[in-house]
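Protein chains in written order, with my numbering: chain A, 28 to 290; chain B, 95 to 313; chain C, 95 to 313.
Calculated directly from the structure, the hints in this document are not laboratory data. Note that this is a predicted model, so its numbers are computed, not measured. Cβ coordinates follow ideal geometry from the N, Cα and C atoms, glycine included. Take these hints with a grain of salt, some might be off.
Unchecked claim - To spell it out: a stretch of chain B is covered by chain C in this simulated footprint if at least three of its residues, at any positions, have a beta carbon under 8 Å from a beta carbon of chain C; those stretches are: (1) 165-177; (2) 238-250; (3) 260-266.
The primary structure of each chain is shown beneath.
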Amino acid sequence: MAETPFEEDTISVTERLAAEALIIDVDGFEGPLDLLLTLSRTQKVDLRKISVLALARQYLAFVDRAKALRLELAADYLVMAAWLAFLKSRLLLPPDPTEEGPSGEELAAHLAFQLERLQAMRDAAARLMGRDRLGRDFFARGQTHEVTRTRKIEYTATLLDLMQGYARIRTRDEFRPFVMDRDSVFTMEQALDRMRGLIGFAGDWTDISSYLPEGWEMDPVRRRSATAATFAASLELVKEGHLEIRQSETFAPIQLRKKDTPS
Amino acid sequence: MSDDQAPEPEESLFEAPPMGEQERMVEAILFATAEPISLRDLAARMPHGSDPAEALVHLRKRYEGRGVNLCKIGDAWAMRTATDLGFLMQRETVETRKLSRAAIETLAIIAYHQPVTRAEIEEIRGVSVSRGTVDQLLEMEWIRFGRRKMTPGRPVTFVVTQGFLDHFGLENARDLPGLKELRAAGLLENRPPPGAGLPGPDEEPEEESTEGQSELFED
Amino acid sequence: MSDDQAPEPEESLFEAPPMGEQERMVEAILFATAEPISLRDLAARMPHGSDPAEALVHLRKRYEGRGVNLCKIGDAWAMRTATDLGFLMQRETVETRKLSRAAIETLAIIAYHQPVTRAEIEEIRGVSVSRGTVDQLLEMEWIRFGRRKMTPGRPVTFVVTQGFLDHFGLENARDLPGLKELRAAGLLENRPPPGAGLPGPDEEPEEESTEGQSELFED
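Generate the whole structure from the sequences, applying the supplied hints.
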């Protein structure tokens, strides 16, 4: 490849137009690799025989022109430009035997491979989408059989449901600033169990606080939980007809008494 | 496909396709349509000059005694399962319903954390797990009892079954994506607020579950 | 599966139905549903002792060249109209959701490189895979999660589904157009960039992906 130092001046009008069209359309590219692939087509050779050096020059020229036109290029285009500039210098300078790492030729070969592979996948995608397709070119049975003799309910869920369900729980956890401390929670079931064992002895009006479980009165957090659970359990027992409950006025003590004639 | 059609109408003005072809066409149309189809509709869909009535005669003969028969319903035609094979169709009447949210969440926790006890499930969900939910999952054979845990009370654990893996197209419960991957796939809409931070290394869910599971998958 | 057979054993203990009858049964079952049915499901629905695999061989021959064909899709079977008759079926055509170019490329990469990780897809396309893309393909049930890769981080992989094969009329992922040529040209290798990743000797990625595929193509 005979590269003249003036190649940018010698490109034809059509090539210049094509390059400008590329710049205007930079949003249409899916990143630097996509752009490189498009640029490489101007070489009109088999991708296996592509000149990576020429391609690097094209790309760098492209970036320069974009800068001249004051177009904002995304960071990854600039990263690629820096890398290609590095590659270009490696390809042009004689190899330095003391330098470590891959040679310019190896890097160039890899870039060519990436371009060829991307092109191959695009061709494969096009061929795939061009195949005869279900619901367009060939068809499934239109009239599926329906009998209503046996009915069995089958529950289903998709993998997405499952994962979203899990994600829902886990994100809720992430948001929760503290982990629920089970030790300080007295459940209503526990309170009910406790009350059921005790109400037999509650002949007279007794303050509800005397039903709190032992060891739960001191710590305010635990007391709150135990009080709430005990109160809820009392209401439940009243509803079941085992207990009577009263409160003389707002904030007055709540008192409980066994109901004499449980149904 | 579409470009192949172009030349055909020209020819068909002169000549209808051979009867064998017409029979294939009628067969395909009857197979793919949801409703029985009349002779007139058949003729309208086939190339000009076709004779669906004759094609139907041939087709009917061809399907005689087969598992599926060509039937005339009013003045329309349809393919129907042979009446003596109706017993094979009973499975078609399965009614599918979406699993409840509680069941899905319980199932997800079992899948990600197995072997897991009921108390652990409740701890993770933050609400108690109803008996019905676990029973339903057991009945569906998506979960089963695992080994008892060597903790006080020796509680039973739950694990997912092969049937679960089959249903969800997994080779292995370990292949379930982790939290980070769920997020990358866009399945976690909510990002944690800055400062809430990512789960610490000691509570990385996927790490944890693999550990629990490797034991399960060794035997 | 096993529970469905409950009522039948009484009769079926004696003798499986003659092959002609089995062929009719398979025909009826396949005609009754739009979804592909696996050999296992066929066997489960037929009387005990039946050999659906053999019945399918006969049935496939019977439908050769007809308007409707018997198609193998992965390890399942379904009846589908002949592709040359699509032009008759305009009314049945279902508008499939338009896939973006990114989604189409991602799908092709998954199909040709499977099992493949998200990072590998990004490496091939040169851009990151957007959240919606994978999501959409999962939702269409054209891809699913495969085994985790045994590389650091144990990333999940993606593979294509039976629904994908069915949609594109493929019997098998091996039948993807141009697959052999691409492999021969080395274009399905996951070559790391020289020097960059410096993969240790124990985690040579290209070794793995070829392994994954050869495994896929052995069965």
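We went through each hint and held it up to the structure:
no., hint, result
1, 165-177, "holds (count 3)"
2, 238-250, "violated (count 0)"
3, 260-266, "holds (count 4)"
Hint compliance for this structure: hint 2 alone is broken.
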